[in-house]
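Trainee: Protein chains in written order, with the working numbering: chain A, 445 to 830; chain R, 73 to 327.
Quick caveat, the hints were computed from the structure, so don't treat them as lab data.
It is possible that some hints are incorrect.
Below, in silico cross-link-like pairs of lysine-lysine (DSS-like), each with a Cα-Cα straight-line distance of 30 Å or less [said to hold, decoys possible]:
(1) R:179 <-> A:644
(2) A:644 <-> R:266
(3) A:451 <-> R:185
(4) A:802 <-> A:451
(5) R:196 <-> A:451
(6) R:185 <-> A:644
(7) R:315 <-> R:268
(8) A:451 <-> R:194
(9) R:196 <-> R:185
(10) A:736 <-> A:644
(11) R:309 <-> R:266
(12) A:451 <-> R:179
(13) R:185 <-> R:265
(14) R:309 <-> R:265
(15) A:736 <-> A:802
(16) R:196 <-> R:127
(17) A:451 <-> A:595
(18) A:644 <-> R:194
(19) R:185 <-> R:127
Selected chain R positions facing chain A (in silico; Cβ < 8 Å) [claimed, not checked]:
(20) 123
(21) 149
(22) 155
(23) 163
(24) 190
(25) 191
(26) 197
(27) 200
(28) 214
Some chain A residues close to chain R (C-beta under 8 Å, calculated; not the full set) [said to hold, decoys possible]:
(29) 461
(30) 644
(31) 666
Backbone N, C-alpha and C fix where the C-beta goes; we use that ideal spot for every residue, glycine too.
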Amino acid sequence: MMKGLFKSNMAIMIVFTAVVLTAPIWLAPIGASYPDLLQKFAIFGVFAIGFNILFGLTGYLSFGHAAFLGIGSYTAVWSFKLLSMNVLPAIIFAVIVAGVFSLIIGFISLRRSGIYFSILTLAFAQMSYSLAYSVLTPITNGETGLQLTLKDPRVIDGMVGIPVTDSLPSTNFFGIAMSGYEGFYFCAVFLIIAFYVSLKIFRSPYGMKLRAIKSNQTRMKYTGFNTRPYLLSAFVISGMFAGLAGSLMAVTDPLAGAERMQWTASGEVVLMTILGGMGTLIGPLLGVGIIKYFENIFSALNDAALHEIYNFLPLGLENVMVAVSSPFVGDGWHLTLGALFMIVVIFLPGGIMEGFSKLSRVFGKSGHEATEDVVSESSSKTEGEK
Amino acid sequence: MGNILEISNVNQTFGGLHALSDINLQIEEGIIHAIIGPNGAGKSTLLNCCIGRLKPDTGSVMFNGHDMIGMQPHDINHAGMVRVFQTPEIFPELSLLENTIIPALAKRDGTFKFNPFATLSKEKDISDQAMSALADVGLDRFADQHAGSISRGDKRRLELAMGLIQEPALLLLDEPTAGMARHDTNRTIDLLKKIKERGMTKIIIEHDMHVVFSLADRISVLAQGRIIATGTPDEIKNNPKVKEAYLGEEAEDES
Ligand SMILES: Nc1ncnc2c1ncn2[C@@H]1O[C@H](COP(=O)(O)OP(=O)(O)OP(=O)(O)O)[C@@H](O)[C@H]1O
Ligand SMILES: [Mg+2]
Chain A
445 MMKGLFKSNM
455 AIMIVFTAVV
465 LTAPIWLAPI
475 GASYPDLLQK
485 FAIFGVFAIG
495 FNILFGLTGY
505 LSFGHAAFLG
515 IGSYTAVWSF
525 KLLSMNVLPA
535 IIFAVIVAGV
545 FSLIIGFISL
555 RRSGIYFSIL
565 TLAFAQMSYS
575 LAYSVLTPIT
585 NGETGLQLTL
595 KDPRVIDGMV
605 GIPVTDSLPS
615 TNFFGIAMSG
625 YEGFYFCAVF
635 LIIAFYVSLK
645 IFRSPYGMKL
655 RAIKSNQTRM
665 KYTGFNTRPY
675 LLSAFVISGM
685 FAGLAGSLMA
695 VTDPLAGAER
705 MQWTASGEVV
715 LMTILGGMGT
725 LIGPLLGVGI
735 IKYFENIFSA
745 LNDAALHEIY
755 NFLPLGLENV
765 MVAVSSPFVG
775 DGWHLTLGAL
785 FMIVVIFLPG
795 GIMEGFSKLS
805 RVFGKSGHEA
815 TEDVVSESSS
825 KTEGEK
Chain R
73 MGNILEISNV
83 NQTFGGLHAL
93 SDINLQIEEG
103 IIHAIIGPNG
113 AGKSTLLNCC
123 IGRLKPDTGS
133 VMFNGHDMIG
143 MQPHDINHAG
153 MVRVFQTPEI
163 FPELSLLENT
173 IIPALAKRDG
183 TFKFNPFATL
193 SKEKDISDQA
203 MSALADVGLD
213 RFADQHAGSI
223 SRGDKRRLEL
233 AMGLIQEPAL
243 LLLDEPTAGM
253 ARHDTNRTID
263 LLKKIKERGM
273 TKIIIEHDMH
283 VVFSLADRIS
293 VLAQGRIIAT
303 GTPDEIKNNP
313 KVKEAYLGEE
323 AEDES
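Isolated chain R (complex conformation) (with noise of 0.2 Å):
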């Protein structure tokens, strides 16, 4: 198969701070790709980059062809690419099944629609929709509590399916089950490779190894703002290149 996205040349840099250098990157189709590193690689200002949070300094980001950079967050939603935020981004005020019914709605609704006649109740298929979505990442018991008082790792669990409802052709995850219990992390991961199964494309950030070595089909790693090496889990397992920047990065900790 093609390549979904093809980052090439992208640097940003934060005022003196180079936090991408020349990252060039190709993402496959069909499979979970996933971006490992240490903190502050810029891993997350990556996907900023993708999904039009950032506009980087140089270089360019094809998704299915066209150009991401300086498009609307919301059009790129709509091009297919949706992103998993590190920090839960979620709708603290409404209802978890509210917070699912919204995303539903974008997906069928377009970036504007003036409906203020209709009927939220009325909209059985869209609800439904938004519970079954909310079962498969086992929050539906919650469906009627507020957002803003779930655990950290439910938020996750709810932003995930706020993603997953909207079947996009890329989903990018930053650190999916970062907070949550092995249990729930390893639901997550069977949900994930279940979803596979869909043709979805996933692009994941993790730290948590066990995640990433039972996920994901090829894996990049990125220290210091550049990509140092790209390769299946094995290839990567086995890189004195990556193993160099995990141990440097522990030898500062110590420091």
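Isolated chain A, as found in the complex (with noise of 0.2 Å):
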């Protein structure tokens, strides 16, 4: 009966934006429910949500989505400047310009697969970095980061008649300030959508003509599909994604500088999204719960804070454990991100998803039939497998 129930989207959906809108409530016992958490729980979900499209279906593994990131928020936060400090056409811009941009870069990369794939992103998305700091300053603003001056024309708001104010104005969804709460609920929304998107794509037939390219391609080509305009428009589809992620960041903080678009935000994407279960629906939502929530956890902790947790044990043994432990909190937190990555990687090669499948078999109870049907809406059948 469950697993009926998990074959109709609309159940799939009701229960997602369920779970979704009351995260402030279930968060709140592990101390996860404040906004600026819990924003970039949904910002990062539909990152990631738009990068399995690309990694979990097609099996292409991109290195350089956080240029789509980055430019996103920087043509929102230049609408906010240009145009209206309303969220609205800052997103829609924001969507535009990164496909616009992942239509360039992925026309060219998708010319190679495999590994020089991957190193063409990589290279696509760090010379988009240095440009950043470099030739495009004037539309970057370089290190410093770009932001809202007081001197920002904001050609919409002056000709609706919104009052110019001394301090620098907020941004606002006609009016709702997106700051708190209400920011989260915004993101939220778009997270329910990027996820409905994402449901819809992994049971067309598209859907599965990009799970049979990441098969076999050459199949594919000889089976009468041409596999380039697959490939571009998934890889667009994940651009548009980054770019409204993006735009969300700029959203609940209007403020793009170039660090969003390095390599290694590139490669958090990539974690998360193994982390959680490559090709899996919600896989890389729970990837990114986990390292956004640990992160949290672990980079706000310092020496003073072990000190505390370890002092029920004897002085010296704690000095040791303290010592031991200190490298990998507070700046040292992506050692321990690298470290269960390894471990995850080593045991789990699905990922976390695949760890409740495997679960769900040895308890070969119905109700978990319908966790299993979701894990395995993709084959649960990773690259690592093979």
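Combine the two chains into a complex, taking the hints into account.
Mentor: Below, the structure is given as structure tokens:
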């Protein structure tokens, strides 16, 4: 019965929407219910969902998607500066501009596959990053980052008669300020839409063809498919999702910096997708949740906090434990992330979702089938198992 | 009937190796034409030249009056020439049913169709078609299994179903029964005979003479990149050059 339930898009969407909208409540016990973090979950969720459409379905691993994130942010901030503090034009332009850029970068990068494709996308992203710091400083404002100023024209706001104030205006959606929980719920709506789009794609003939390309591209060609436009369209869709995520970052904090385009940012979304389970519907979101939640905890820890955690131990041992743990917290969070990632890739190459489906097989209860059904939406077999 | 495929003056070299020398071959519409010959004779290479995997050094491959040389593989497929490979080319991560749905979609959707909001599970006609193609080759029981998990012989039959579902005008089969148990081989022979009645032309490469002689209307023998004989099964059986080619190979094997 549960299995049948999750076959219906409607049921999945109802559950998903309820889970997302009630996140401030059910995340409260683990201290993750404040708007800043919730916004991050939602925004990176959009990013990862889009990335998974390319990487999870076609198997093409882009190492440059943060470039589209950055482009989305810059476009959105420019829209705030030139047109209006209303977030709607900012988001629309960001998605369009990111789409155009991904069309160009995708067109060139997709001339190659495998590792060469990854390297091309990485090279493009690093080029964008350097350009943002050098020749493009008039557009990006270099290291300071692109910010709002009092002198910004904001033509549309002027035309509709929004009064100019002495302080910097805040981003809004037709008057609703995009901060705090309003900001989260605004991003959450996009997360839900993004998830719906991804669900539809996964269950469409188009999505199945993308999975078939991942499985055997040669076969696809001799079966009568021109694989290039399939790959390019998937690339552009995921680039537009990244642009959307970038614009949402600017919506919740109207500022854009080049570091958003750095390769580490591209790498992060790869980690999130693999950690959660590439090619599954909810895996990437789990990856986002886990990484952003632990980043939040670990990067806030310092030696003093560690001493407090370990103070139940005898003093000598306490000091040893603090010394051992401290490289992994604060700025050393990436070390923890790296270790976590290695453990998952070695023991669970299909990510956390594979772990779930293994568990549900072990317990073999009908109640678990539902999860497995969603898990194996795309084949739950992964690259790593090949 | 006329010729569906006319291969003229095809030469293919790999470095110094002359894999195909001056191949001239006409395939009559509606028949099963077998190509036999020792290992390394160039049989698979010849098929590669037909379906756009290789671009021969010289020559032309006229299919229904159009030259296929230089055309993209997907366009050749839509022109009506479909290949089943020697090493099974399937989608190992997809289910058998999905494996057969894909070529059915190719036939319906063309080389590219962007329909991300269509729902696959509502395409009942396509999945019925795929299911009956699986039933034709006797694999419908395994429809939900991953194609990577079935035996090599079953993979061949799956790929055959994938080719047949597209109902090509010309089907190229590269050793369709290799690795199959006797009874599956016989099944495949029956299936191919049955399909012949639907008027699909086939080129079949085969080492198994039982298969060749129970199916072929005409046979061409390829040895060291040259066609040394073409004729009816009886003519080929009694052709001294053919005997020599095969005996020659056996002599080599022993040395
Ligand atoms: N892509 C290639 N590059 C280099 N040499 C090749 C290539 N393809 C085939 N050959 C060589 O061309 C010759 C003919 O190979 P081909 O695969 O066509 O033989 P075949 O008749 O199909 O043999 P078999 O019965 O073993 O399948 C062989 O010597 C082979 O090594
Ligand atoms: Mg061969």
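Trainee: Against which earlier hints does the structure fall short, listed by number upward?
Mentor: Of the numbered hints, 2, 13, 16, 17, 26, 27, 28, 29 do not hold.
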